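Protein chains in written order, with this note's numbering: chain A, 1 to 257; chain V, 1 to 285.
Think of the hints as simulated: they come from the structure by calculation, not from any bench. These numbers come from a predicted model, not from an experiment. It is possible that some hints are incorrect.
[Said to hold, decoys possible] DMTMM-like cross-link-like pairs, simulated, lysine to aspartate or glutamate; straight-line CA separation at most 25 Å:
| hint | chain 1 | residue 1 | chain 2 | residue 2 |
| --- | --- | --- | --- | --- |
| 1 | V | Lys191 | V | Glu178 |
| 2 | V | Lys4 | V | Glu40 |
| 3 | V | Lys196 | V | Asp91 |
| 4 | A | Lys210 | A | Glu60 |
| 5 | V | Lys206 | V | Asp190 |
| 6 | V | Lys120 | V | Asp142 |
| 7 | A | Lys182 | A | Glu159 |
| 8 | V | Lys4 | A | Glu94 |
| 9 | A | Lys210 | A | Glu224 |
| 10 | A | Lys175 | A | Glu89 |
| 11 | A | Lys6 | V | Asp91 |
| 12 | A | Lys169 | A | Glu89 |
| 13 | A | Lys10 | V | Asp91 |
| 14 | V | Lys181 | V | Asp91 |
| 15 | V | Lys120 | V | Asp135 |
| 16 | V | Lys206 | A | Glu94 |
| 17 | A | Lys175 | A | Glu159 |
| 18 | A | Lys156 | A | Glu89 |
| 19 | V | Lys92 | V | Glu178 |
| 20 | A | Lys156 | A | Glu94 |
| 21 | A | Lys6 | V | Asp190 |
| 22 | A | Lys7 | V | Glu178 |
| 23 | V | Lys206 | V | Glu178 |
| 24 | V | Lys206 | V | Asp135 |
| 25 | V | Lys4 | A | Glu89 |
| 26 | V | Lys191 | V | Glu56 |
| 27 | V | Lys192 | V | Asp91 |
| 28 | V | Lys120 | A | Glu42 |
| 29 | A | Lys7 | V | Asp91 |
| 30 | A | Lys169 | A | Glu159 |
| 31 | V | Lys120 | A | Glu224 |
| 32 | A | Lys182 | A | Glu89 |
| 33 | A | Lys10 | V | Asp146 |
| 34 | A | Lys6 | V | Glu178 |
| 35 | V | Lys120 | V | Asp91 |
| 36 | A | Lys210 | V | Asp248 |
| 37 | V | Lys46 | V | Asp248 |
| 38 | V | Lys4 | A | Glu159 |
| 39 | V | Lys46 | V | Glu56 |
| 40 | V | Lys46 | V | Asp251 |
As a plain string of letters, each chain reads:
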Amino acid sequence: MTLITKKLIKSLGIFLILFPFLFLLGLSFSTNWRFPSILPLEITPDNWLGLFSFSGNLFESFILSIVISVSVGLLSTFTGFLAGKYISETIIREKIIFLSYLPYTLSPVLYAASIYYYFVYFNLTGNIIGVIVGQILITFPFSINLFTGYWNSSIKNLENLVLTLGGTKLQSYLKVLIPISKRMLLIVFFQTFIISWFEYGLTTIIGVGKIQTLTIRVYQFINEANYYYAALSSCLLIIPPAFLLWFNKKYVFRKII
Amino acid sequence: MKNKSQSFWLSLFFAVSVLPVVAGFVYALLYSFGLAGVYEIGFTLKNWAAILSSPEIINSFLFSFYIAVVSISIALFVALWFVINYGAHFDKGILSYVIYFPLSIPAIVAAFFIIQLLSKSGLISRIFFNLNLIDNINSFPDLVNDNLGIGIILAHTLLAIPFFIIFLLGLYHSQNLENLKQLSFTLGADKKQTTKRVLLPILLNKVYPTIILYFIFVLSSYEIPLLLGQQYPQMVSVFAVRKLQRFDLADIPQAYVIISVYVLIVIVSLFILFRKRKLEYDFDN
Chain A
1 MTLITKKLIK SLGIFLILFP FLFLLGLSFS TNWRFPSILP LEITPDNWLG
51 LFSFSGNLFE SFILSIVISV SVGLLSTFTG FLAGKYISET IIREKIIFLS
101 YLPYTLSPVL YAASIYYYFV YFNLTGNIIG VIVGQILITF PFSINLFTGY
151 WNSSIKNLEN LVLTLGGTKL QSYLKVLIPI SKRMLLIVFF QTFIISWFEY
201 GLTTIIGVGK IQTLTIRVYQ FINEANYYYA ALSSCLLIIP PAFLLWFNKK
251 YVFRKII
Chain V
1 MKNKSQSFWL SLFFAVSVLP VVAGFVYALL YSFGLAGVYE IGFTLKNWAA
51 ILSSPEIINS FLFSFYIAVV SISIALFVAL WFVINYGAHF DKGILSYVIY
101 FPLSIPAIVA AFFIIQLLSK SGLISRIFFN LNLIDNINSF PDLVNDNLGI
151 GIILAHTLLA IPFFIIFLLG LYHSQNLENL KQLSFTLGAD KKQTTKRVLL
201 PILLNKVYPT IILYFIFVLS SYEIPLLLGQ QYPQMVSVFA VRKLQRFDLA
251 DIPQAYVIIS VYVLIVIVSL FILFRKRKLE YDFDN
């Protein structure tokens, strides 16, 4: 295979990977794409400019999704980090790892349907707190699963060294354990953020249509056959995780396999 | 002090991760037996009998299995082919970055993209029309909301291929497969033998737990079949939720029967996965 052919194949591969992004971006700038035109008849920034003034207030959904996902990511990461340390020392460690797989392998929508009764009982349906709690039920075990394997003897020895040298428990966390675990904390935060950001089924059931995250808006726009706004909200949905994955690609997957 | 902290975090783990699953499963069981919920009529097996004797539920599970098996098989085959033949191309340059981009696509957006691509008024249909390959919009075949679940399979496959490529590339490096490959060539094996005897056994053995987890994920996917599926048969999650949302109260306990069966399937699958059974792999047998 010649060098030019190889480069052509590589370029084609890159184009195919990027095609869905370019397509959705293009559609979000369209207002008139009728059959059988291959390209939209009109390209305009109006959809994007209307982001802040659109009657359904898509921007509000974007901010709401950010608030929910950042809260879920932060809470799951830090509680998982602390819990993982103690759980890794128990004799039932393997059983805990097995159990931690359960909530996030269950279909979120069926899981939500089965616990919906308890959410109604505790008045957690149709509000943002309920959605955050519901999502944490999935992301916290995921975080435990990653952190239980992370806490090894060398990290624990470092903590013991700090305590032996007169440091307090708090200092051992702030000055040693958190700084050396920065990469792992970032990985877990990004992954739990993305689980929450992509979540649709559980949010639909627990939020009872009142919590309009971006995924729910995309579904609504598709149902209304408003494909231009569906494309616009899809772009908003893709941009944060794409940026995070691009920025942290060297931390994701390869380092944890 | 340490024991106190350990007890606290263990209790928190059970309260957040195990208790809701157990409580949800118990509630689903009670509802399905007529012992809880708005349709509380006293202990009855009629909901289980109705569901288990209905071809709808069997077809729903079979359809979900079919979608999961086909999507994952295609995705795994393509990912293995890319990693074994072109693994080095993903190590550096722009490809090493862009291969991560598809992971940022949520299932609902993937489904929307497939609609825009494959529906009768989608991009491919328009290209076919302009190339005079079809006469009108209705001449284009049904590729979404179709009987074979082509749209659902394609959406899942598109999401799974980059995931498996990245995962397998990680394994390729962590297992030093490039060195093993060179060693195999030095010892006289050809490319086919190296792939069959060295690379595939190691990669498949390591990726096996991920395949099971991904299988469960596809089996119970919701957004993609909700948008790309048809009325019958439906995938398990869509089928159960539609039964929950019907006006007929008698359908709700049946939805909980489906949820109970599904939870049991997940638990059994995880149990099999954690039995530490070694994946036997030999193409000659």
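Going down the list of hints, with the structure as the test:
1. At most 25 Å may separate the alpha-carbon atoms for a hinted pair to count; lysine 191 of chain V and glutamate 178 of chain V meet this at roughly 13 Å.
2. The straight-line distance between the Cα atoms of lysine 4 of chain V and glutamate 40 of chain V is roughly 42 Å, outside the 25 Å bound, and the hint therefore fails.
3. Distance check on the hinted pair: lysine 196 of chain V and aspartate 91 of chain V sit about 23 Å apart at the alpha-carbon level, within 25 Å; holds.
4. The straight-line distance between the Cα atoms of lysine 210 of chain A and glutamate 60 of chain A is roughly 13 Å, inside the 25 Å bound, and the hint therefore holds.
5. Annotation: proposed proximity of lysine 206 of chain V to aspartate 190 of chain V holds, straight-line Cα distance about 23 Å (limit 25 Å).
6. The straight-line distance between the Cα atoms of lysine 120 of chain V and aspartate 142 of chain V is roughly 7 Å, inside the 25 Å bound, and the hint therefore holds.
7. At most 25 Å may separate the alpha-carbon atoms for a hinted pair to count; lysine 182 of chain A and glutamate 159 of chain A meet this at roughly 15 Å.
8. At roughly 21 Å between alpha-carbon atoms, lysine 4 of chain V and glutamate 94 of chain A fall within 25 Å of each other, so this suggested pair holds.
9. The hinted pair formed by lysine 210 of chain A and glutamate 224 of chain A meets the criterion: a straight-line CA distance of about 18 Å does not exceed 25 Å.
10. Restraint check: the Cα-Cα separation between lysine 175 of chain A and glutamate 89 of chain A comes to about 22 Å, which is no more than 25 Å; the hinted pair holds.
11. As the CA atoms of lysine 6 of chain A and aspartate 91 of chain V are separated by approximately 15 Å, the hinted pair is consistent with the 25 Å bound.
12. A C-alpha spacing of about 17 Å is found between lysine 169 of chain A and glutamate 89 of chain A, which places the hinted pair at or below 25 Å, so the restraint holds.
13. At most 25 Å may separate the alpha-carbon atoms for a hinted pair to count; lysine 10 of chain A and aspartate 91 of chain V meet this at roughly 13 Å.
14. Between lysine 181 of chain V and aspartate 91 of chain V the CA atoms are separated by roughly 17 Å; this keeps the pair inside 25 Å, and the hint holds.
15. A C-alpha spacing of about 12 Å is found between lysine 120 of chain V and aspartate 135 of chain V, which places the hinted pair at or below 25 Å, so the restraint holds.
16. With a C-alpha separation of about 19 Å, the suggested pairing of lysine 206 of chain V with glutamate 94 of chain A holds against the 25 Å cut-off.
17. At most 25 Å may separate the alpha-carbon atoms for a hinted pair to count; lysine 175 of chain A and glutamate 159 of chain A meet this at roughly 10 Å.
18. Between lysine 156 of chain A and glutamate 89 of chain A the alpha-carbon distance is near 10 Å, which keeps this suggested pair within the 25 Å criterion.
19. Distance check on the hinted pair: lysine 92 of chain V and glutamate 178 of chain V sit about 16 Å apart at the alpha-carbon level, within 25 Å; holds.
20. Between lysine 156 of chain A and glutamate 94 of chain A the alpha-carbon distance is near 19 Å, which keeps this suggested pair within the 25 Å criterion.
21. Straight-line distance between C-alpha atoms of lysine 6 of chain A and aspartate 190 of chain V comes to about 23 Å, which keeps the hinted pair within the 25 Å bound.
22. At roughly 22 Å between alpha-carbon atoms, lysine 7 of chain A and glutamate 178 of chain V fall within 25 Å of each other, so this suggested pair holds.
23. Restraint check for lysine 206 of chain V and glutamate 178 of chain V: satisfied, since their Cα atoms lie roughly 16 Å apart, inside the 25 Å limit.
24. At roughly 50 Å between alpha-carbon atoms, lysine 206 of chain V and aspartate 135 of chain V are farther apart than 25 Å, so this suggested pair is violated.
25. For the given pair, lysine 4 of chain V sits about 13 Å from glutamate 89 of chain A by alpha-carbon distance, which is consistent with the 25 Å threshold.
26. For a cut-off of 25 Å, the pair hint linking lysine 191 of chain V to glutamate 56 of chain V is broken: about 47 Å separates their Cα positions.
27. Between lysine 192 of chain V and aspartate 91 of chain V the CA atoms are separated by roughly 23 Å; this keeps the pair inside 25 Å, and the hint holds.
28. Distance restraint check for lysine 120 of chain V and glutamate 42 of chain A: the Cα-Cα separation of roughly 21 Å lies within the 25 Å cut-off, and the hinted pair is therefore satisfied.
29. A hinted pair counts as satisfied when its Cα atoms are at most 25 Å apart, and lysine 7 of chain A with aspartate 91 of chain V qualifies at roughly 15 Å.
30. With a CA separation close to 8 Å, the supplied pair lysine 169 of chain A and glutamate 159 of chain A stays within the 25 Å bound.
31. Simply put, lysine 120 of chain V and glutamate 224 of chain A have alpha-carbon atoms about 17 Å apart, close enough for the 25 Å limit, and the pair holds.
32. As the CA atoms of lysine 182 of chain A and glutamate 89 of chain A are separated by approximately 21 Å, the hinted pair is consistent with the 25 Å bound.
33. About 33 Å separates the Cα atoms of lysine 10 of chain A and aspartate 146 of chain V, which puts this hinted pair outside 25 Å; it is violated.
34. This hinted pair checks out: lysine 6 of chain A and glutamate 178 of chain V have alpha carbons roughly 21 Å apart, not beyond 25 Å.
35. Restraint check: the Cα-Cα separation between lysine 120 of chain V and aspartate 91 of chain V comes to about 39 Å, which exceeds 25 Å; the hinted pair is violated.
36. For the given pair, lysine 210 of chain A sits about 24 Å from aspartate 248 of chain V by alpha-carbon distance, which is consistent with the 25 Å threshold.
37. Our distance criterion of 25 Å between C-alpha atoms is met by lysine 46 of chain V and aspartate 248 of chain V, whose separation comes to about 16 Å.
38. The straight-line distance between the Cα atoms of lysine 4 of chain V and glutamate 159 of chain A is roughly 18 Å, inside the 25 Å bound, and the hint therefore holds.
39. About 16 Å separates the Cα atoms of lysine 46 of chain V and glutamate 56 of chain V, which keeps this hinted pair within 25 Å; it holds.
40. Restraint check: the Cα-Cα separation between lysine 46 of chain V and aspartate 251 of chain V comes to about 12 Å, which is no more than 25 Å; the hinted pair holds.
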